[in-house]
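One line per chain: the protein sequences are A and B, in this order. Residue numbers for the first sequence follow this note's numbering, beginning at 1 and rising by one. Residue numbers for the second sequence follow this note's numbering, beginning at 1 and rising by one.
No wet-lab data here; the hints were simulated from the structure. Please note that the accuracy of each hint is not assured.
If several chains are the same, the list does not tell them apart, and a pair holds so long as it fits within one copy or across any two.
Simulated pairs of lysine to any residue, SDA-like, Cα-Cα distance not exceeding 20 Å [as the list claims (entries may be wrong)]: (1) LYS270 x LEU78; (2) LYS377 x VAL45; (3) LYS239 x THR166; (4) LYS278 x PRO314; (5) LYS377 x ASP3; (6) LYS278 x ASP50; (7) LYS270 x ASP50; (8) LYS278 x PRO47; (9) LYS377 x ASN284; (10) LYS243 x MET79.
Number of protein chains: 2
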Amino acid sequence: MRDVAIIGAGMIPFGRRDEDTLMEMLAYAALKALDDAAQSDTGHVLPPIDAVYVANMGGGMLQRQTAIASSLVDRLSLMPAAAETIENGPASGASAVKNGLLAIASGYYDCVLVVGGEKMREVTGWRATDFVATMTHPQAEYPYGITLPGMAGMFTRLYMEQYGVTREHLLAISLKNQEMGTLNPYAHVEMALDRDGIFDSPHSIVNNPVTADPLHLYDLCPVSDGAAAIVLCSLELAKKLSKPPVLIAGFGQATDTQTLQEREDPTDLKAVTIAAQKAFAMANLTPADIHVAELHDAFTILEIAESEHVGFFPKGEGGKAALAGKTRLGGQIPINVSGGLKARGHPVGATGVAQLVDIVWQLRHELPANRQVQGAKNGLTVNFGGFGNNVLAFVLKRVEQ
Amino acid sequence: MRDVAIIGAGMIPFGRRDEDTLMEMLAYAALKALDDAAQSDTGHVLPPIDAVYVANMGGGMLQRQTAIASSLVDRLSLMPAAAETIENGPASGASAVKNGLLAIASGYYDCVLVVGGEKMREVTGWRATDFVATMTHPQAEYPYGITLPGMAGMFTRLYMEQYGVTREHLLAISLKNQEMGTLNPYAHVEMALDRDGIFDSPHSIVNNPVTADPLHLYDLCPVSDGAAAIVLCSLELAKKLSKPPVLIAGFGQATDTQTLQEREDPTDLKAVTIAAQKAFAMANLTPADIHVAELHDAFTILEIAESEHVGFFPKGEGGKAALAGKTRLGGQIPINVSGGLKARGHPVGATGVAQLVDIVWQLRHELPANRQVQGAKNGLTVNFGGFGNNVLAFVLKRVEQ
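For reference, chain A alone in the conformation it holds in the complex (with noise of 0.2 Å):
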């Protein structure tokens, strides 16, 4: 396999976007990584781009709009480029960067787009939350009206129950990431969260209503419009380059039963430690050696768990560790430093490409000191899809020139 390397990143700011299609939004984040990449190709040594991966779940059900890949290629004027949209729901962004991967590992194309995109606004409340079920097993869950925060919710009060966590825990995770997102320009949720306001006083109970019980309103993350972007192209090539390239050094996949309740233990989120193991094994690297983490945090519970599965802390510690700050910045650990899917927003089609375009920043040393992890060199990302059906990791790593 040829090493293949981040040579361009860019996002639009995620949130409500009403005066932008979806097609706009996915030509917004292409150009923007396109620009990143040109401003390092000082020597003019990049070839142009063979292929175009668009990430998006939704475009069908939700803009009646298909074959989205080879419309952006022409609104972008790629073409003959070739062009393929990926869908793998919440983790289409990762499985998009990983077709990418393999395409320009395999020696067949040189460079490559990856963008992935969501506009979700079009639909709100239950609709919303609907169109993420379709997800679900057509007919073990979804004619019973089984939602992904239902099912979050009763994996937090299993998760409770077996490991100790409790909704100081969860708290954590809802302050730190709501504080970063006030920093971070692209977050959607742009609000700091007043500890006592959603917890401890009688307002509480109505400013963040039980949503699935244990879960509350703040610890899901909100519906959004958003598109990431990022181009790849071999180390090689990436070496010659002004900036920084930062190498995809491991990746892992893996996928389990489609329902929650067919898995022997279902606290055990089995394709997250397969996904990890695989991405570390592969970067020969392990937990202790990564800097800066982006994990899916689609619901509160879900950093913790992930923080443990992915190795950082052992089972049952993850929760506690949040609550101490080993995951903030400065920490043992920071985990969602751009804010996470709970602030930065979560545009199903974008986020796993979003997690790497944070990386790829924090790894480059781009960011402001309130948001930059300091001499970060390796970084990992987990993308969940389904209720842990279907996970890919990425170990990232800034190549010194």
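Got chain A sorted already, so can you dock chain B onto it with the hints?
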């Protein structure tokens, strides 16, 4: 790049399959391909399936089901194999194969399953046409009501004027492909056409009405349910199996403007030409080396135009060649011996995979005499997305053991 071969192929009969869910169709086709590969594995050398690529266009819109690749992996008990859904309109099938091909070529995976399927009969009449029209331009085409048959009609008229294609030429494709369909147990349309009844007689206006002038009903492929699957592995592994491996010797893909009117010459299907040229160059073969081809005849004119653009005939000669029988079984270059999209049917996600399945059967010499191209060693497929704005071509080659 590692050489990659097809070692398993399977299909379920296309047509109206009200009794099956989309997941069942995908699973049935997958099991047939897996079983085919297993039968070849007399020395038990095959590793487990590393990844599954599912080609599907309308799961979200028609079945309200997303992340179907993850669901299929569970249905087939292939966990923790990786999984993604690939969407590229009517070229989704070939796009899924491409991603499986490059993943093995990279060395990351050893053995992958590619499944394409679509359940389209849940919407019929104008709703099926409208579903397919979601791949048209969202501002410049879709709101004005243009459909794929409408585009094909205008394209045909231009082609007639520019190259002298006649209704007799188009009819030759309908007659040939529906005749071959009667011999194919997997074909949706099993009815041979009576030339007199649909062309010359006074009844033809009733039996074969104009659908998109100058195209008539029998110039169009049907709306079908169906699924097809292949198993891919490295050629090195494939050589240890009992059945002759079919090498993916060449692959090419190209995009073009989304709208026909933006092309300098709308009759010039540049993406077909480029995709085929790339595939031939990679295989180090020429059109004259091909013994059997599956072209994307969603409309009769496309078989004629593609037979010219890939290099079988000079521009303007494809229709005459078809009328002279040069593309029939036993002719210079047999095209769509399966019956093509015209008779086998066109469940959009399945088509690109089904084309490869039919060529694999041809190159393994497994078909009955009335459908087998004697001694076929090299085959070509063309999968046509949008109206020629995303085209993929494969050159397959029988490897003697």
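Note to self: Are any of the numbered hints broken by this structure? If so, which, sorted upward?
What the structure shows: 2, 3, 10
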